[in-house]
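Modelling step: build the complete structure from the supplied sequences, incorporating the hints.
Listed below, chain by chain, are the residues.
Number of protein chains: 2
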Amino acid sequence: MKWDQRLASRMASLAPSRAVTEILKLAERPDIISFSGGLPDPAVFLTERIRECSDRIMSREMAAALNYGPNPGYTPLREWVASHMKQIEGVDSTVEDVLVTSGGLEALHLVALALLDPGDTVLVGAPTYLAALHVFRAHQTRIVSVPVDHQGLDPEALESILSKLVGQGVHPRLIYVIPSFQNPSGVTLPLSRRERLLEICRKADLPIVEDHAYAALRYRGDDLPALKAIDPDRVIFLHTFSKIFGPGVRLGWICADSGLISNLGLCKLGTDQCPNTFTQRLVLECARDGIIEAQVDRSVALYSRKLRVILGELEKRLPPSVTWTRPEGGFYTWLELPQGFDTPALLERALEDEKVAFVAGPPFFADNSGERFLRLCFSFLAEELIPEGVERLGRVISSTAQGRKPGHSKQA
Amino acid sequence: MKWDQRLASRMASLAPSRAVTEILKLAERPDIISFSGGLPDPAVFLTERIRECSDRIMSREMAAALNYGPNPGYTPLREWVASHMKQIEGVDSTVEDVLVTSGGLEALHLVALALLDPGDTVLVGAPTYLAALHVFRAHQTRIVSVPVDHQGLDPEALESILSKLVGQGVHPRLIYVIPSFQNPSGVTLPLSRRERLLEICRKADLPIVEDHAYAALRYRGDDLPALKAIDPDRVIFLHTFSKIFGPGVRLGWICADSGLISNLGLCKLGTDQCPNTFTQRLVLECARDGIIEAQVDRSVALYSRKLRVILGELEKRLPPSVTWTRPEGGFYTWLELPQGFDTPALLERALEDEKVAFVAGPPFFADNSGERFLRLCFSFLAEELIPEGVERLGRVISSTAQGRKPGHSKQA
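For the record, the sequence lines run as chains A and B.
For what it's worth, my numbering labels the leading residue of the first sequence as 620, then goes sequentially.
For what it's worth, my numbering labels the leading residue of the second sequence as 620, then goes sequentially.
Calculated directly from the structure, the hints in this document are not laboratory data.
Hints are all accurate, no fakes.
Which copy is meant is left open, so a pair is good if it fits within one copy or across any two.
Simulated crosslink set (DSSO-like; lysine-lysine; CA at most 27 Å straight-line): (1) K783 with K621; (2) K621 with K822; (3) K822 with K783; (4) K705 with K621; (5) K644 with K974; (6) K925 with K974.
These numbers come from a predicted model, not from an experiment.
Shown next, in the form of structure tokens:
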């Protein structure tokens, strides 16, 4: 059977993700110092305490943990989420406003299933989370980008894009935003921009999908309210246990209007029916035990140290023509290279000549632009490897900038 | 926000699933004897041994089990699947032919994402698995039904439907089949029909999606080869750990052409990125420990007893005008009631007057017909409750058949 001749039309648009996947695989080679994958450092996992929680689940409720659970999630976990939404995020919600999902990305996939038809227009940042672009492409939407600067999504640019779209008779269905410690740029929307963004969206009758993945990981500066806390009605709030607990449990949640949640649950009946029963109970037990809170504290301590190290090293080892973001939290810093650089080509050389990996800019842009940008993830790499990694990166950038064949700088 | 005015067009077609969900919720009331949900009996779970396996994972590889894993699944589990495919199913395959999924239904969702565009035609049995109909509806396909009789999908009917479709210029994209112990009917395609089905599909250049969910649970009769074993090239083989281990781990797999698997993995990057890391390792540890094999043996022993009980009780307690299937395996028997019966209405009375639950026929038919049919699941209900449950069912059927108001039979 010639399966490649039988593929759905959406598959043609997913080629960028295929390329990224191939490159991420290369970055996993043990001889590579990798700033690429956005993984938590396993050092933050309180494995002994998690093991005790797991033992309790196993002895107390194993039979239930091995069977099917409710489609919208295990009710006590939904209750925990609702109370977390109140206490941590300042959002009033009930169990009916909460759907447990198989991670933050499934949350977005479900939103797309429930709200988007092929040809619909969605708005995203430029740059934005590459897997979000994948989801919107898989749903065959038209993706319109809004510039992101050092303070996040630019509201004035959004306003003018919206007015142009409306002038063309196009009414976007939603805007996807990562307000805090954005992936990939690390930047954060200040309060004034949050309020302005909401004002613009209210005027344009535009729903907001808020991705809260990194918001708990703040290393300096003051906490900011989630968009959901400012305008609960307009915002579909997505969160994940991946960064506050561990990605391996594949759990996240959506907090939104209860009627919409019921439709999102209906969509989930056609993806994986119900979230993982065992890990839902495990996560709840760990949350009640204080492990999530403790791991967030450990993450903040560890990653803020790594962030200091990487920012110091970048200062020391990169040519002055390169600039980067100084995030207040999250996993990433985002580098801008001078005109003429092409980071996908740079990455090939970095892997080959210097054994260092990053993610090149283009996959974070809907139009595959951004060839002067690259993302460095500082959360996963061992702290003591960061200086060596940045040194290698500096070498490959410098040698490329000087027009020399990369690798020669080592002999200079 | 009026979210119900912002829903994607697919949502309108998902109403049948919403109704089923509501009714399944009712069936969970503790005062109801329920033949409805297709759950394994927790008595088959070897909880102590599973706990030991979990302890080993926790002490040996916890940090990895809590982090992201590879998109197509944990490689050692894919290796186990490939060897299982060879040893148990007689299918030669390698790791590259295997994608681990978040359950059997996600497997079908991924197939739909990779192969189906809105408006495409798919073929299914009448009746068929109701969640499969949900998936095909969510992808806005045209669903064409092929009659299922006591020997499963009727190949001659398929052939004439295909020739009619081709005459209309319609080329279906795939046929979805559950060859063994079909959900909901419990019927099994004999070898001759399997071969004939494959012959017809070869002639029509039609891919087959084979759902193998229940095939390991055979209580009598001889094993039959999977369609995949007869024609590996044409068949996309879906399996789940839900019935051979436990649904709570939310794991299944697809075995198919490696090029197609790579495209299905690409689709999975936009659903939940990777399967549950923790439960993948748990399931593999349990498989290596012999727990899966042992649980299948226990399931066969327990469910074959329950099947004997329910068939005996149906014989004893139902009016002679009612007929039912005598499955050789699986979870279900399928009842046909005389002309004039309407099982959705019967279910309402059964719940109210007799506190007994089943699933009415219509949700198993693409055209929502099948109002004279109902599904009884015998796997989950405690053996000692089966006689009482069938007696209640018999009462509500008899009272309805006699045109009396239900409930009166109790005073007769």
